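Oh and the sequence shown: position 115 is 997 in this note's numbering, straight run, nothing missing.
Note that these hints are calculated values from the structure, not bench results. Hints may contain errors.
SDA-like cross-link-like pairs, simulated, lysine to any residue; straight-line CA separation at most 20 Å [said to hold, decoys possible]: (1) Lys934 to Lys995; (2) Lys934 to Ile954; (3) Lys907 to Tyr957; (4) Lys887 to Val912; (5) Lys995 to Ile954; (6) Lys995 to Thr1007; (7) Lys952 to Val906.
All figures in this text were calculated on a predicted structure; none of them were measured in a lab.
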Amino acid sequence: IETGKSPELILNPVVIARNEGEAVKIEGSVNSVRVSIKIKQADELEEVLVAKFMRFIMQRAEQFVVLRRKPIEGYSISFLITNTHTETMLKVKVVDFLLQFMEDIDKEVSAMKLGVNSRGRVVATKFLEQFC
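Build the full structure now, drawing on both the sequences and the hints.
In structure tokens:
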């Protein structure tokens, strides 16, 4: 799937989308599957948080084994699961990991956004106290 040089070995990609901002693209081939996830980014703050968080995670790609260092165009993060991964790992556990990852990313981004907003509120309050 990574090289794409043999079109007869690549299956048609499947895109599952909740809306325009959230989608999962599954690209299969004879010996691998690439799963790309587009994470919801409702405003500029979420865009920055997602970009920084995904960069942080992708720098540690070797610890995640199936994580790609660079996502495909238009998506936030990509996973590449090869036939060697399915031979050495339980398939159910790989699927559970991907599902849990998608759930946790939304929670983490929401928690970070709340943290940034609360810190901003405290800073603004302290700053405005100078003028009152």
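Results of checking the hints against the structure:
no., hint, result
1, Lys934 to Lys995, "holds, 12 Å"
2, Lys934 to Ile954, "holds, 17 Å"
3, Lys907 to Tyr957, "holds, 9 Å"
4, Lys887 to Val912, "holds, 13 Å"
5, Lys995 to Ile954, "violated, 25 Å"
6, Lys995 to Thr1007, "holds, 18 Å"
7, Lys952 to Val906, "holds, 16 Å"
Hint violations for this structure: number 5 only, all remaining hints satisfied.
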